[in-house]
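2 protein chains.
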Amino acid sequence: MQLLPGFRDFYPEDCSLRNYTLSIWREVAARYGFLEYDGPALEPVELYKKKSGGELVGQLFDFVDKGERHVALRPEMTPTLARMVAARERDFKKPLKWFCAPTFFRYEKQQRGRLREFIQLNCDILGDASPAADAELLALVIDVLRGFGLGPQDFVVRLSDRDAWMQFALGKGVPQERVLEFLGLVDKLERTSEAESVRKLADFGIELGAVRAFIANPSLETTKLQGILADLAARGLSDFVQVDLTIVRGLAYYTGLVFEVFDRGGKERALAGGGRYDGLLELMSDGKVKMPALGFGMGDVVLANMLDEIPAAKAMRDAWLAKRRPAEIYVIIADDTRRTEALGLIQTLRNAGLRTDYSLASTKVGKQFQAAETLGAEFAVVVGAEWPSVKVKTLATREERLLPVEGLAAALRA
Amino acid sequence: MQLLPGFRDFYPEDCSLRNYTLSIWREVAARYGFLEYDGPALEPVELYKKKSGGELVGQLFDFVDKGERHVALRPEMTPTLARMVAARERDFKKPLKWFCAPTFFRYEKQQRGRLREFIQLNCDILGDASPAADAELLALVIDVLRGFGLGPQDFVVRLSDRDAWMQFALGKGVPQERVLEFLGLVDKLERTSEAESVRKLADFGIELGAVRAFIANPSLETTKLQGILADLAARGLSDFVQVDLTIVRGLAYYTGLVFEVFDRGGKERALAGGGRYDGLLELMSDGKVKMPALGFGMGDVVLANMLDEIPAAKAMRDAWLAKRRPAEIYVIIADDTRRTEALGLIQTLRNAGLRTDYSLASTKVGKQFQAAETLGAEFAVVVGAEWPSVKVKTLATREERLLPVEGLAAALRA
Chain Z
1 MQLLPGFRDF YPEDCSLRNY TLSIWREVAA RYGFLEYDGP ALEPVELYKK KSGGELVGQL
61 FDFVDKGERH VALRPEMTPT LARMVAARER DFKKPLKWFC APTFFRYEKQ QRGRLREFIQ
121 LNCDILGDAS PAADAELLAL VIDVLRGFGL GPQDFVVRLS DRDAWMQFAL GKGVPQERVL
181 EFLGLVDKLE RTSEAESVRK LADFGIELGA VRAFIANPSL ETTKLQGILA DLAARGLSDF
241 VQVDLTIVRG LAYYTGLVFE VFDRGGKERA LAGGGRYDGL LELMSDGKVK MPALGFGMGD
301 VVLANMLDEI PAAKAMRDAW LAKRRPAEIY VIIADDTRRT EALGLIQTLR NAGLRTDYSL
361 ASTKVGKQFQ AAETLGAEFA VVVGAEWPSV KVKTLATREE RLLPVEGLAA ALRA
Chain A
1 MQLLPGFRDF YPEDCSLRNY TLSIWREVAA RYGFLEYDGP ALEPVELYKK KSGGELVGQL
61 FDFVDKGERH VALRPEMTPT LARMVAARER DFKKPLKWFC APTFFRYEKQ QRGRLREFIQ
121 LNCDILGDAS PAADAELLAL VIDVLRGFGL GPQDFVVRLS DRDAWMQFAL GKGVPQERVL
181 EFLGLVDKLE RTSEAESVRK LADFGIELGA VRAFIANPSL ETTKLQGILA DLAARGLSDF
241 VQVDLTIVRG LAYYTGLVFE VFDRGGKERA LAGGGRYDGL LELMSDGKVK MPALGFGMGD
301 VVLANMLDEI PAAKAMRDAW LAKRRPAEIY VIIADDTRRT EALGLIQTLR NAGLRTDYSL
361 ASTKVGKQFQ AAETLGAEFA VVVGAEWPSV KVKTLATREE RLLPVEGLAA ALRA
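Those sequence lines, one after another, are chains Z and A.
With this note's numbering, letter number 313 in the first sequence gets 313, and the count goes up by one each step, no holes.
With this note's numbering, letter number 256 in the second sequence gets 256, and the count goes up by one each step, no holes.
Check each hint, because a few of them may be wrong.
[As the list claims (entries may be wrong)] DSSO-like cross-link-like pairs, simulated, lysine-lysine; straight-line CA separation at most 27 Å:
no. : chain 1 : residue 1 : chain 2 : residue 2
1   : A       : 94        : Z       : 109
2   : Z       : 367       : A       : 94
3   : Z       : 323       : A       : 93
[Claimed, not checked] Derived Cβ-Cβ restraints for the label pairs, each shown as a range:
no. : chain 1 : residue 1 : chain 2 : residue 2 : range
4   : A       : 112       : Z       : 90        : 50 to 58 Å
5   : Z       : 367       : A       : 352       : 45 to 53 Å
6   : A       : 395       : Z       : 90        : 25 to 33 Å
7   : A       : 92        : Z       : 286       : 48 to 56 Å
8   : Z       : 401       : A       : 395       : 31 to 39 Å
9   : A       : 92        : Z       : 401       : 53 to 61 Å
10  : A       : 396       : Z       : 233       : 52 to 60 Å
11  : Z       : 404       : A       : 370       : 49 to 57 Å
12  : A       : 403       : Z       : 92        : 39 to 47 Å
13  : Z       : 92        : A       : 411       : 39 to 47 Å
[To be verified] Some chain Z residues well away from chain A (every beta-carbon gap over 10 Å; in silico):
no. : residue
14  : 47
15  : 174
16  : 213
Hints were generated in silico from the structure; no laboratory data involved.
Note that the structure is predicted; figures quoted are calculated from it, not measured.
Just so you know, even glycine gets a beta-carbon here, dropped at the ideal spot from N, CA and C.
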């Protein structure tokens, strides 16, 4: 009996690491006033086919269910979000600032940083078309990574503008219906040989030199990027961003701002990516709901790889984990005729909200102390001859006190 | 574009309710020293076919993936847990106390309390065969429900013992290989007509009267239930439990203790159910790992229906939700020439961990105050002519103060 390839078991130590990621994601998103939502893990396959793009459609876990519906495990959140918001658009004040951190499924080739099941933070702002919204979302992606102890020496957000590329293409005479195809070329420029790029661009009547010149010296005054950069500067976040027109993003639904976040070391895949998708709600609602929108996704896999390699981030994570040891208090039953009283005491401590453990089986006192140490308990509470008092040992200092059972929870908290 | 039947969208208000459930589950499980784990949502279908039973196999969302693997969305956790523990059995001290709260998928007929995608708390103790472990798990299921503000007037745990039934059956001459079939009859007794029960029991040479007499007057001294009840009494939890031999549980892998939790009103399906499955790890590991085990599952759907109907539980939930309003602080930009300074201040407040929101667009001060009220903010911070001081309004009391920007986060926390 084996795990499927690309899927993970989360033993308790792995699950703690995942909970750490989720906890920072949720905390920072909440600081920005983002509200959590979620959708189903299974959707009709048409939801993903409806928006053009196609890249993810080839990676779907899709099948026909027992009710003859063609369904798919969700590979991304944006179509679900667009469906949900379009359905109840009038119920919410604009702009909406929503986030979620669900599980996604993609049938991908196995490689470092890519799994078939992963969690991903998704943050979106809907109903605001201004650079102020762009900057708010970028500030959030930066602060989420800062929340893990990462700094400007560790990662950079590369900003680009699809509108600027569209204007470039149209200005060079690329016909409207081939602009997406041209953007696809630009997206792959860094991974394509010079000869092949020259040949493919020639088909559009464009020289590689012109493309490179545009990348090297983008005329920012014609884009919204300038306003976004000024807003981020006001927040003191300029060190985290860099204009880079080589970023285009693969998905067809992006308009305007697009961005990707990379580790400065350049060793990992993108930590996060996103952009504007101002036309998607209209497409998803068959024209009924028009709403500008933008968002980003940040997966857990590349992020976890990176945290492993940055000492400051690792130290922060370890401190978080250390605070969550399995038991605060371990009750040691030194005299088994007192088991009934011990169980009552354990119940009282737990009722008071204290994480309390004990040995289910009668066993030697030494073994029970050992278990207390293994679990990282702060106090061992020894139930024995002193009842209705108990010996309380602070395990870190070996200090021992005799305390009455009455009011013990409060005394241990103090 | 519609949701699939039996699946749910979680708009922010729904997601908060789900997070409330998850939060109580996690908090109480941690109080008992249980560690969180998780597994993949997709498993090879054989994992669910390997253990006999069959009930869930007919409800699988199963399909053949792009790599020709026959896979299924998980309908329950126990097979995954058994696989995980069997694979790394030597790495862990016994007993293991583990919990998880993942999403499950079952293709069920739609009815109240049943959905096709739901979350379920699963708590298991592995490696201890004693009634002390049974009692610890039962105390946990009771305290989880108490954690939601439910009391002995609201729910009851009905305990039964499959071993007692097996002894009964064998004593009446039922052959070993037909005992499971006999247990199936007992499980359905309450939902079967008397005539049919009489007829079916006759096939085993057993009279309905004998079965009823056994249920009415179980000889507890021959079972482990007595020890379990004594342990729960020591914890002061007797009011929450009741022996009821009509409980047998559908799944074939149960041995010994089985139990189900019901609302006292009898209006809902079972809130939770579980029992011992001492033979399952051996079965799943092809005989390599023998480990006694028991566990329970508690779904979110029936629980949420019940919380809606118990005023004390509802009040507790509402208090939890009220503490988590979307923003603590709303920054009002009264003078738009100060937007740069305002953004810097917002960043400082968020860096300090305060949930801070503001209007992305320039808009009238009155509208900004309205937004602050809508979000339930505690303070409105007005950035205007007084810079580098700001007016701080406590929204509940209308009280206003002038505070310097320097050290504002600390002043607002105090």
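Hint by hint, here is what the structure shows:
1. This hinted pair does not check out: residue 94(A) and residue 109(Z) have alpha carbons roughly 38 Å apart, beyond 27 Å.
2. Proposed proximity of residue 367(Z) and residue 94(A) is supported: the alpha carbons are some 13 Å apart, at most 27 Å.
3. Straight-line distance between C-alpha atoms of residue 323(Z) and residue 93(A) comes to about 21 Å, which keeps the hinted pair within the 27 Å bound.
4. Separation of residue 112(A) from residue 90(Z) is about 29 Å and departs from the stated range, judged on CB atoms against 50 to 58 Å.
5. Between residue 367(Z) and residue 352(A) the C-beta distance comes to about 46 Å, which sits within the given range of 45 to 53 Å.
6. Distance hint check for residue 395(A) and residue 90(Z): the Cβ-Cβ separation is about 26 Å, which falls inside the suggested range of 25 to 33 Å.
7. The hint said 48 to 56 Å for the Cβ distance between residue 92(A) and residue 286(Z), and at roughly 54 Å that hint holds.
8. Between residue 401(Z) and residue 395(A) the beta carbon distance is about 46 Å. The supplied range of 31 to 39 Å is therefore violated.
9. Separation of residue 92(A) from residue 401(Z) is about 33 Å and departs from the stated range, judged on CB atoms against 53 to 61 Å.
10. At roughly 35 Å, the beta-carbon separation of residue 396(A) and residue 233(Z) lies outside the given 52 to 60 Å, and the hint is violated.
11. In this structure, residue 404(Z) and residue 370(A) meet the distance hint of 49 to 57 Å, their C-beta atoms being roughly 55 Å apart.
12. Roughly 33 Å separates the CB atoms of residue 403(A) and residue 92(Z), a value that falls outside the hinted 39 to 47 Å.
13. Checked against the given bound of 39 to 47 Å, the beta carbons of residue 92(Z) and residue 411(A), roughly 33 Å apart, lie outside it.
14. Look at residue 47(Z): its CB is around 6 Å from the nearest CB on chain A, not clear of 10 Å, so calling it non-interface is violated.
15. Every beta carbon of chain A lies more than 10 Å from that of residue 174(Z), the smallest distance being close to 32 Å; the non-interface claim holds.
16. Every CB of chain A is more than 10 Å from the CB of residue 213(Z) (nearest about 33 Å), matching its label as outside the interface.
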